[in-house]
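Asker: Letter by letter, the chains look like this.
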Amino acid sequence: MNSLAQLAVVGAISLAAAGGSWLLRKTPETKPAFVCDPAVIRADEICLADVKGDALWVDARSRAEWKANGIKGSVLWNMDPKEDPNAMEAEAAPHIAAAEQVVVYCGSEKCGTSREVAERIRKLGFGPEVKTLFGGWDAIKSSSVAP
Amino acid sequence: MKHLVSCFLLAAVLPLQAELKFHTPVIDADAELNDITLVREYKFTNASNKPVKITQADAGCTCLAVEVAAGKFTYAPGEAGTIRATFSLGNFQGTVEKPIYIWLEGDPEEAPSASVMLRVHIPVIIALEPKTVKWQLGGSMGPKNIDVKMDYDKPIHIKSVSTSNETFTARIVTIEEGKHYKVEVTPKETAAAGLCIVRIETDADVEKQRIQQAFAVIASPSKKP
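These protein sequence lines map, in sequence, to chains A and B. By the working numbering, the letter at position 78 of the first sequence is numbered 78, and the numbering carries on one by one without gaps. By the working numbering, the letter at position 176 of the second sequence is numbered 176, and the numbering carries on one by one without gaps.
No lab work stands behind these hints, which were simulated from the structure alone. Please note: incorrect hints may appear among the correct ones.
Said to hold, decoys possible - In silico BS3-like cross-links for lysine-lysine, where the CA-CA straight-line distance does not exceed 25 Å:
| id | chain 1 | residue 1 | chain 2 | residue 2 |
| --- | --- | --- | --- | --- |
| 1 | B | K149 | B | K159 |
| 2 | A | K123 | B | K182 |
| 3 | B | K43 | A | K110 |
| 4 | B | K144 | A | K123 |
| 5 | B | K134 | A | K123 |
| 6 | B | K149 | B | K182 |
| 7 | B | K179 | A | K123 |
| 8 | B | K208 | A | K82 |
| 9 | B | K208 | A | K123 |
| 10 | A | K123 | B | K131 |
| 11 | B | K53 | A | K110 |
| 12 | B | K149 | A | K123 |
| 13 | A | K52 | A | K72 |
| 14 | A | K82 | B | K131 |
| 15 | B | K208 | B | K131 |
| 16 | A | K110 | B | K21 |
Take the sequences, apply the hints, and build the full model.
Answerer: Rendered as structure tokens:
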């Protein structure tokens, strides 16, 4: 096979691969909607679709973010050094004690603060189920829960 | 022809291989009690056969600032670099794990090429156990204890205890002066559900941990106050 034929074969493989990729991705320029698969998330996480209607939301973002667009009825509990941790815990405690389910969210899928806050809530020993929201604010912002 | 196709396939697979090799991908760091921030560095090498460009390095937490040292983002094959992480201790206590994600040019937003971990150990000098004492609604009114243990190089004394409402009383029981106490909490009645904050003030010279709080709860067995 001469060089021209070899080049044609490689070109054909490239085109086939690119075409396959395009078909699989459908519309590559469109960002997919936030996806949460309950089968693959951690045991202490929850998908937005599985959060109970009367769950207590705990916002682990900054006070400014919480004030700007926190979920209605949510309480603030973060790890910000500017906050008084005892005061924040005391303000959240009665709400947590009265809840059946508590769901903590922070700023993004990769934010770990919600896990820290969830662990502190569990250590209170009040009894409700405590979960962190898979995807955090990224999951909320495009949903009907968003304010 | 075989060689040409092999080269083609190899070129297609190479981008899937790890490009940044971190010498210590998990760093354990012991913080001092009065530290405000803690800095650790992750050394890496471009283990691929082509230049790589770091487009983003982030921990997704305002408590952890991540930067590529010297503002250098592009690395030739075999070239070494450093990612610097600055953790703000804030109100964290105990062991805190923070992942750091590194995106290279071409990485999708949801799938960074590399990640490392910072595990910070922050001393807890006053430990309460349990954090909450509970009574059943309409049940016995006997006292319950919160164990308070000090773990510090100087004695820490409990100066006072107080409750946020009059349904409960609290008193200090010394087990070992400066080291070990119990706070005994007693409800005056258990006829109504309720929650009370038990505030424990110590003479610890570490401001962040000087005042501790616990909770006393009266609730039905199946539900909260």
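Asker: Next step is simple, just say for each hint if it's right about the structure.
Answerer: Hints versus structure:
no.	hint	in the structure
1	B/K149 with B/K159	holds, 14 Å
2	A/K123 with B/K182	holds, 19 Å
3	B/K43 with A/K110	holds, 22 Å
4	B/K144 with A/K123	holds, 18 Å
5	B/K134 with A/K123	holds, 14 Å
6	B/K149 with B/K182	holds, 8 Å
7	B/K179 with A/K123	holds, 23 Å
8	B/K208 with A/K82	holds, 11 Å
9	B/K208 with A/K123	holds, 19 Å
10	A/K123 with B/K131	holds, 7 Å
11	B/K53 with A/K110	holds, 21 Å
12	B/K149 with A/K123	holds, 17 Å
13	A/K52 with A/K72	holds, 15 Å
14	A/K82 with B/K131	holds, 23 Å
15	B/K208 with B/K131	holds, 17 Å
16	A/K110 with B/K21	holds, 21 Å
Of the numbered hints stated above, none is contradicted by the structure.
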